[in-house]
Amino acid sequence: MQPFYPEIPRVGERSLLSFGGVFSHTLLKVPSRGDLRAPTTFSGDGGGRGASAGAPR
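Going by the UniProt record's numbering, the sequence shown opens with residue 1, and the numbers climb by one from there.
Don't take every hint at face value.
Unchecked claim - So the derived label-pair ranges between C-beta atoms look like this: (1) Phe-4 - Leu-28: 26 to 32 Å; (2) Val-22 - Met-1: 25 to 31 Å; (3) Met-1 - Asp-35: 24 to 30 Å; (4) Arg-14 - Asp-35: 25 to 31 Å; (5) Ser-24 - Phe-4: 25 to 31 Å; (6) Asp-35 - Pro-3: 15 to 21 Å.
The hints are simulated quantities; they were obtained by calculation from the structure and are not laboratory data.
Values in this document were obtained by computation on a predicted structure and should not be read as measured data.
The beta carbon of each residue, even a glycine, is placed where N, CA and C say it ideally should be.
Could you put together the complete structure from these sequences and hints?
Right, dumping it as structure tokens:
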């Protein structure tokens, strides 16, 4: 289980996804106002970004 970080409800959290050891994209998960849960199944807002040249591998 991940510890609670008080800044996550305000700024969200990023998930870095890789497939076969190759970085694919980043997902920013931001909770709905007044909630602590970020997954879209709980009305959070998720947004994806493609891999960029400076992205971690």
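Consistency of the hints with the structure:
1. Phe-4 - Leu-28: 26 to 32 Å: 18 Å, violated
2. Val-22 - Met-1: 25 to 31 Å: Cβ of Val-22 to Cβ of Met-1: about 28 Å, so the range 25 to 31 Å holds.
3. Met-1 - Asp-35: 24 to 30 Å: For Asp-35 against Met-1, whose Cβ atoms are near 18 Å apart, the range 24 to 30 Å is violated.
4. Arg-14 - Asp-35: 25 to 31 Å: 18 Å, violated
5. Ser-24 - Phe-4: 25 to 31 Å: The hint (25 to 31 Å, Cβ to Cβ) holds, given that Ser-24 and Phe-4 are roughly 27 Å apart.
6. Asp-35 - Pro-3: 15 to 21 Å: The hint (15 to 21 Å, Cβ to Cβ) holds, given that Asp-35 and Pro-3 are roughly 18 Å apart.
The structure shown violates the earlier hints numbered 1, 3, 4.
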